[in-house]
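**Student:** Read off the chains here:
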Amino acid sequence: MTALLLDLPLALGLFGAGAATLLARSLFGAVLGFISTGLIATLVWVRLEAPDVALTEAVIGAAATSVIILYVASRIGNRATPPAPPPIAQRVLAGILSALLAVLLAHALFSLPEPAPSLAAPVLDNIAPTGLGNPVTAVLMAHRAIDTLLESAVLVFAVFAIWSMAPERRWGRAPGPAFMAEAHGPLAFLAKVLPPIGIVIGVYIAWVGADAPGGKFQGGAVLAAMWVLPWIAGLVAPPSISDMRLRLAIAAGPLVFLMVGLMGFAVAEGFLAYPPGYAKTLILLIETAMTLSVAAAMACMIAGPPERRARP
Amino acid sequence: MTGTPGGSLLVLAIALPLGATLIAFVLGGQAAARLARASLWLWLALTVAITAMVIRQGEPIIYVLGGFAPPLGIALSADGLAAAMLLAGAIVLVATAQFGRVAYAAPSWEMGGRAAFAYWCLLPALAASLAVAFLARDLFSLFVALEMLTFTALALACLDGRPSQFKAELRYLLFALLGSVLYLLGCALIYGAYGTLDIGLLTGNTRADAPTRLAGALMTAGLLAKMAVFPLHLWLPPAHAGAPPAGSALLSGLVVKGAFVLLVRLWFWVLPGPPVAGAELLATLGAAAILVGSVVALRQEKLKALIAYSTVAQIGYLFLMFPLLMAGDPDAATRAWMGGMLQAVSHALAKAAMFLAAGLIVQSIGEDRVAGLCGAARAAPLAVLAIAIGGLSLMGVPPSGGFTAKWMLLRASVDTGQWWWSLVILAGGLLTGGYVYRLVAAALAPAPPDATPRPVPRLQEVSVLVLALLSMALGLLPLSMLGLAQIGQPVIAP
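From first to last, the protein sequence lines are chains U and D. One rule links them: number in this note's numbering = place in the first sequence (from 1) + 26. One rule links them: number in this note's numbering = place in the second sequence (from 1) + 140.
For reference, chain U alone in the conformation it holds in the complex (with noise of 0.2 Å):
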């Protein structure tokens, strides 16, 4: 009976923050409800006893997406006519697909096997050799080591497919639009004084992954969020992509991985196996380089590819 009540206003209102974002009629309103629902599936996930998940749900689906979306919002929002609404017929036929959907889904889902199968306990039972106290970042860093490898060579292609569509004027210049410098403007003020709190926590975010939900992902988003805070603010000028030091930011967490799974050739088992003994310190190595690239890289996909209008 507890567990509905705790359940039951969370599955509403996941609804309602859902609907609310399809029916908004303004741009801002929109947004409103899609960081909304961002918040209420943290809890969801919260509820479900998936902390890792709701601790990413948070960082990236509520707050990076959200800042990327708002910050794109807000320079389209006052000369966006809205689109003409597609014709009735189209309307109801994408509504009675989805509708379709979503019983067969929940259909299907009734009919999976119960209890459900499951690695979690060949996961457990693999997690000694890597020395981690977090079953998440073993299977991240060590059972399934070449997605997140992937993953996260995934976030450099992203850098460079942004980049590469800046206007051929300002190739080679820092990311995004100038922005104004505004000293005491309330952004100003919280590009001051947030900073020095969001990096401690970014960085203990990632640093606790290792044993407890957490990791470098939500830590690096964290860190990317307090690095363009100054950015946006105009109180630091973003460095330019021909700096080579901030290419090698970004690519350097891929590359370390890379290069400790090939040793593992030479030293250990094979690729992306680690030598007995060295697995927590190589895959903590690993886990410092991918945090620096994932808050450089995402620091440059909310600016942008480098352009030369200023901020609206």
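I should point out that these hints are in silico values taken from the structure, not numbers from a laboratory. Heads up, a few of these hints could be off.
Claimed, not checked - If you anchor each label on the Cβ, the simulated ranges turn out as follows:
| no. | chain 1 | residue 1 | chain 2 | residue 2 | range |
| --- | --- | --- | --- | --- | --- |
| 1 | U | Pro212 | D | Leu421 | 56 to 64 Å |
| 2 | D | Leu421 | U | Gly211 | 44 to 52 Å |
| 3 | D | Asp300 | U | Ile225 | 34 to 42 Å |
None of these values were measured; they are calculated from a predicted model. Just so you know, even glycine gets a beta-carbon here, dropped at the ideal spot from N, CA and C.
For chain U, the structure is supplied; the task is to place chain D on it using the hints.
**Tutor:** For chain D alone, kept in the frame of chain U given last:
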């Protein structure tokens, strides 16, 4: 035990281009261009070695990553399908890299260096993405491969930096992301049902229950959106025709094939006794794509739009093999399988050659309307020759690779009594002949008297012609080489 002999080659096929991408990104400038080219040549050598190894062993090569065997860990494997696709990918990428030495000669941080920097980062990135898509044996790793492919494809298409192209690419991105979400949803259902995403462990162990069927449907729909199968094809022509020539060649030749390999793995390795009705639906969509794509291609005004619609049609052929494989006739199934593989490989080579050649022609005579191609044969003879040869392969004229592919599909459809597909193949061949004739006839027409074509760099012409000749040479391969496709061919219960 980390796998079969030669397994570490599979790791290198992913690690080499990935490392090259990352280092090229950090270094920038001429070093990036040189590193990218060197890594692609090495990658070609690696894919040749992998193919040789697969042929010699007569069975798939496997490598278990990190010493954790599936289901806990992840394995890579190269069967005949993977080896053939890798080799085709490497040939196209090396040729495109040689082609790009002229157009993207000066990567730098100064004005004008943007496209070249992106180009030399993107080429090895695409190689790494394809390697993962062809070699991974885990449904989630394959999802990561799809993401890698989407990002590289998007950036390749926007290489010119024209804002008008962004709109076409945004539409592509919407289709691609929808496809990714549907695929991921299917992965989640399969993990919920079986507790593993390893294709090797799933083979033969899946049940025909509600979650599996829904997962199959969702993942198939997602992959069809990514492959631009009729009627989800509307994003492809503007996205592929508007990209710069090197981008179009890679998008049309290679990127769509990544999703195709995933679809084949899903249908014939994962799904339980794949549904015949579903296979017939796929082939019907394919047939519609062949007919509609070819007819629309016939009516195109612009050279590159015509070639892009031809891609819509040629992708359709890949789907004809699905019902033929399930007819319960082992000989016909083998023919259909080899026909499908050959179609994927020969289209990759021929279409890349045609797009690159089209780029050369437009650059030389400054005209991209089909009607304005007169004089092209004099201005860029080797490029026109490449278009003609590639076109012959698309039509299915002997002795091209396209001929062998279409002939095998035709035989399989007659042998299994599904003769209606052979009508589609023949009609498609005639329509293809029509639009290839339009191109070649226009290019052979005499130039207007005031024409001042710009000379075409020899390196570019030669790399394009080599690609076209290779697509032709596929038809001359001895049948024993075609046996490569059969290594690891799935056994499909009727």
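**Student:** Now tell me if each hint is right for this structure.
**Tutor:** Hint check:
In this structure the hint that Pro212/U and Leu421/D lie 56 to 64 Å apart at CB holds, the actual value being about 58 Å. The beta-carbon spacing between Leu421/D and Gly211/U, approximately 59 Å, falls outside the hinted interval of 44 to 52 Å. Roughly 40 Å separates the CB atoms of Asp300/D and Ile225/U, a value that falls within the hinted 34 to 42 Å.
Hint 2 from the earlier list is the only one contradicted by this structure; the remaining hints agree with it.
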